[in-house]
Structures are given as C-alpha cells and as structure tokens.
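Chains as they are written, first to last, in my numbering: chain A, 1 to 196; chain B, 197 to 392.
It is worth saying that the hints were derived from the structure and are not from the lab.
Don't take every hint at face value.
With a cut-off of at most 16 angstroms between alpha-carbon atoms, the simulated EDC-like pairs for lysine to aspartate or glutamate come out as follows [as the list claims (entries may be wrong)]: (1) K265(B) with D254(B); (2) K149(A) with D196(A); (3) K265(B) with E79(A); (4) K69(A) with D254(B); (5) K253(B) with D196(A); (6) K219(B) with E230(B).
According to the in silico footprint, chain B covers these stretches of chain A (three or more CB under 8 angstroms from chain B) [stated by the list, open to error]: (7) 63 to 73; (8) 187 to 193.
Note that the Cβ used here is the ideal one computed from N, Cα and C, for glycine as well.
Protein chains: 2
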Amino acid sequence: MAISADLVKQLREKTGVGMMECKKALEDAKGDIEEAIVILRKRGLASLSKKSGRETKDGLIGSYIHNGKIGVMVEVNCETDFVARNPEFQALVKDISMHIAASDPRFIRREDVTEDVLAKEREIYMEQARATGKPEAVLEKMVEGRMSKFYSETCLLEQPFVKDPKETVQDHISLYIQKIGENIQVRRFVRYRIGD
Amino acid sequence: MAISADLVKQLREKTGVGMMECKKALEDAKGDIEEAIVILRKRGLASLSKKSGRETKDGLIGSYIHNGKIGVMVEVNCETDFVARNPEFQALVKDISMHIAASDPRFIRREDVTEDVLAKEREIYMEQARATGKPEAVLEKMVEGRMSKFYSETCLLEQPFVKDPKETVQDHISLYIQKIGENIQVRRFVRYRIGD
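Chain A with its partners taken away, still in its complex shape:
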C-alpha cells in the first residue's frame, strides 16, 4: 500500500525515528500510525517517551572551515549540557557542519522554504512538464515528483547525508536521538563562501 509523505512525517515527529524506518513500519501496519509505533518499539527503534517532542534548550555551536574559503556555523540543540559535552554528540555536530559545507542546503526543513521560492519552482516544473506534451492529468504528478527532488536537494534534513548517502541527514540525526536518548534539533546554520 502507498504511504503518504505526511503520514511518515507524523510518525517521525512522534517517534524521532528515521524516514525509511517509519515508512517501512507504516507499510507493515497498513497505514495505522499507532500500530506503526508498536512495530517500531518492537524493533527497538522507538521508545515510549516521545524524545523528538521534548524541548531542546541546550546544545552546541559547531563550525567547519574548508580551506579558509568555505565556512559553516551551525547550532544543534539537545536537552542538557551533559549531552552537549558528549563526544558522540560533538562528532554529530561536526558531521552536520561538514555536510552543510559540502552539500550547500538552502533551508533546514521543507517547512522553511518560502512561499515565493515554492511558487517559482512549481511554475518552472509545470512549464517543463507541459513541454513534454503529456496529458494534463499527469502533469501535476510530474510536478510533485520534481518538488520532492527539489526538497531533497535544498533542505538539509532531507539531503542524502554526505558520509552515507543511503540515509538522509534526518535519518542520521534520528539514529543519535535513539542512541543518546535526548531530542536533537538543528536550529540554524549559516554558510559563507569567499566572494559570495
């Protein structure tokens, strides 16, 4: 059965578990989100406490400078200073900084894409779709497909993680949420390139 992106997103927000695992669980649960949570818990991926809903007030500011010419600074939040000082968490922050330097995302999550950017992209993809001469009925589907690609190219959390392109950055973070046992959120980042 087809699982909607929105349902996957809901499950991820409830559990903090990565996208692929959430999708699999929802497929196995035939779209029943409560059942999917049970499946994830059985698989040891989600715990009862909804970690990804918890407030993140502490955290770490990390940076990565490539050759002096490209620089990234990122704020990654967690719940306690104890975790902020955890070497594993610090390694995660470093990895996220390096990822941003390499992959140049424009937004953190798809919700951050501004209305005008969205409208412009849609317009371009619709033009391209029309140019194929295909029936009007499939054009919207083509545009949707291209928008998904746009999100995975421009939104940090949906980009393939540079150190392991089989998972997204959010999947990688979710792994740490499970491992460390605190909610982890990328709050903001900035990327400079000399002369930009």
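Position chain B against the provided structure of chain A, taking the given hints into account.
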C-alpha cells in the same frame, strides 16, 4: 582646533590609516586633508597607493567557538590568495573572531545601522537629555555625544579592540593594511549563542 568626525573618516578612507593617527595628522595640518596625507606619509603610516580603496576579492573565513556555547564566523577580505595564506593575516582574522565573540557588535560600521534603530536611539537619548532640565541649545550636543558612544558600543570597527582597548578594531586592521600592503575589509559576520 576641532576636527570633525567626517573629516577623519575621509582621511581614513583615503589612506587606510587608523582613526587616532588620522585625527592627530589632521590637527597638525589644521584640517587640511591633503596636508594631513603628506604628514601621514612622512610618518611612514600612509603610502601613495590608496590601499583601502582597492578591491578585495579574496580573503579568509574564520571562526571562533567559545566553549561550544558562543560561536562566531567572519569573512575578512583581502586582495590576493597570497595574503589570505599569510599567517599574520590569519592571526588577524582569528583576533577579529575572538573580538566579536567577546564584544558582541551588532553592525560592522556605523553606515550599517538601520534607520529605525537610529531613530529609536536618538529618541531615547533626547528623552534622557530633556530630563536633565538643561537648555534646549545643548540637548542636541548631548544626544550627539551619546550617539558616538552608541556607535563605539555597537559597531565592530569602532569598538575598542579587546586585546588592546586603547585602539579601535579599525585601528588594528589599519595597522595590518600598512604592514601587509593590501586592503583588508571585514565583509560580514554572524554570532550565535545557544538559546538566543
């Protein structure tokens, strides 16, 4: 004789020499800017080429993270990659990053202060000046004095440099412009504090 801030600024732009030196030279030249340039050249502070007018296309991105909780990233431009790789230039970039972490400027230069911030500050200072009960004629002077203080508190280049508060950050940069022989400009910076 009293030298206007505007005249000092002109001389600084023409020569790239620090504020205090420019002011002294203008005083000695009785406000004649061309004469002041000659004085600065005699003192070995300015050279014929107007370095600070030259285009800066290269440079270095530097960062400074304090304890993981405060982070600064800065882009400092120079003219060539050769200078960007100069250890002295790199030390300057590090010093500027540290200065920003410690002194928390809001702008690079006074020209960057937005109109609404300016209007609001003026209003506050005028209120404070009126509260002293002094004659209307001196109120504007009081406001001007307070505005100067505002600039030296909030604008990076006018702040007292943390490692030597007798000079401003611009004075310190000007020293390097003379020493290294290329124009140097702070192009942009960002400062994060966890939870801000």
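For each hint, the structure was consulted:
1. With a C-alpha separation of about 30 angstroms, the suggested pairing of K265(B) with D254(B) is violated against the 16 angstroms cut-off.
2. For a cut-off of 16 angstroms, the pair hint linking K149(A) to D196(A) is broken: about 25 angstroms separates their Cα positions.
3. A hinted pair counts as satisfied when its Cα atoms are at most 16 angstroms apart, and K265(B) with E79(A) qualifies at roughly 14 angstroms.
4. A distance of roughly 9 angstroms separates the Cα atoms of K69(A) and D254(B); the hinted pair therefore holds under the 16 angstroms criterion.
5. Taking the CA atoms of K253(B) and D196(A), the gap is near 10 angstroms; set against the 16 angstroms cutoff, the hint holds.
6. At roughly 13 angstroms between alpha-carbon atoms, K219(B) and E230(B) fall within 16 angstroms of each other, so this suggested pair holds.
7. A count of 8 residues in the region 63 to 73 of chain A with a Cβ less than 8 angstroms from any Cβ of chain B is obtained; the coverage claim is therefore met, three being the minimum.
8. Under a criterion of three residues with beta carbons nearer than 8 angstroms to beta carbons of chain B, the stated coverage of the region 187 to 193 of chain A is upheld, 4 such residues being counted.
Comparing the model with each earlier hint shows violations of hints 1, 2; every other hint is respected.
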